[in-house]
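*Asks:* Here is what each chain is made of, one letter per residue.
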Amino acid sequence: GQQLNQSPQSMFIQEGEDVSMNCTSSSIFNTWLWYKQDPGEGPVLLIALYKAGELTSNGRLTAQFGITRKDSFLNISASIPSDVGIYFCAGQLPNSGGSNYKLTFGKGTLLTVNP
Amino acid sequence: SQTIHQWPATLVQPVGSPLSLECTVEGTSNPNLYWYRQAAGRGLQLLFYSVGIGQISSEVPQNLSASRPQDRQFILSSKKLLLSDSGFYLCAWNPGLGGYTFGSGTRLTVV
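Sequence lines, in order, name chains A and B. Counted from 1, the first sequence has number 15 at position 15 by the numbering used here; the numbering is strictly sequential. Counted from 1, the second sequence has number 1082 at position 82 by the numbering used here; the numbering is strictly sequential.
Source of the hints: derived by calculation from the structure; they are not laboratory data. Since this is a predicted model, take the numbers as computed values, not measurements. There's no promise every hint is true.
[Said to hold, decoys possible] From the structure, some residues in chain B lie toward chain A, with a derived Cβ separation under 8 Å:
(1) Q1002
(2) N1032
(3) R1042
(4) L1047
(5) L1090
(6) N1094
(7) G1098
(8) F1102
(9) G1105
Cβ atoms here follow ideal geometry from the backbone N, Cα and C, with glycine treated the same way.
Taking the hints into account, I'd like the entire structure generated from these sequences.
*Replies:* Structural data, given as structure tokens:
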């Protein structure tokens, strides 16, 4: 199947630092999404991107849909302890819309924030 | 409002025992429904998805099966659990262009 290459796999940072993670693919995606999963919980949607080049912010989070539609990044500014968790990128391929809607997920970035 | 419920939250089952995990969605009709498994707290593996009652698509061969007996109910089952079935199982539905909404998950430990 189609692959989303997410990096880094894990990050250990100090509270207050900025964080950047990204996803790349050899395939074009219609939509890019970023999720956060707290320990023992289901992933929660953070940001959704629908247009190539789109830059969207949600509080301290900023994400961009790459101009080629093959990549995306997520930045977190001024990290806090509650930012701990696994961050997933996900994309919707052009042939997986409508009633056949399916997302392709990256393998996640595990973020640890030291207070 | 639209909500998704998944239960139980945790389950410890012996090898060879049956399994039934249930997922229900409220506040919508004819949703796409999905079962994912997450091993070792990392990647999400799509197991099954359903676009309607009685319609199940399997993504990977395995020891599990899924059923959709009602529009907003999605069940994950096994006749005989294996140790390798342990993991975190997530149900999700697709409310539109904004991706999936996930349930809170079931932690299954097969002993």
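*Asks:* All hints are to be evaluated individually against the structure, with a verdict given for each.
*Replies:* Here is how each hint holds up against the structure:
Evaluation of the B/Q1002 hint against chain A yields a violated restraint, the C-beta minimum of about 13 Å exceeding 8 Å. Interface restraint check: B/N1032 against chain A, minimum CB-CB distance 6 Å, threshold 8 Å, status holds. With a cut of 8 Å, the hint placing B/R1042 at the interface with chain A holds, because the nearest CB-to-CB distance is about 5 Å. Because the closest C-beta pair between B/L1047 and chain A is about 12 Å apart, greater than 8 Å, the hint is violated.
Contact between B/L1090 and chain A, as hinted, is supported at the beta carbon level, the nearest pair being about 5 Å apart and thus within 8 Å. Checking B/N1094 against chain A by beta carbon gives a least distance of about 5 Å; that is within 8 Å, so the hint holds. For B/G1098, the interface hint holds, the least distance from its beta-carbon to any beta-carbon of chain A being 5 Å, beneath 8 Å. Evaluation of the B/F1102 hint against chain A yields a held restraint, the C-beta minimum of about 3 Å falling below 8 Å.
Hint on B/G1105 holds. Least Cβ distance to chain A is approximately 5 Å, under the 8 Å limit.
In terms of the numbered hints stated before, the structure departs from hints 1 and 4, listed from lowest to highest.
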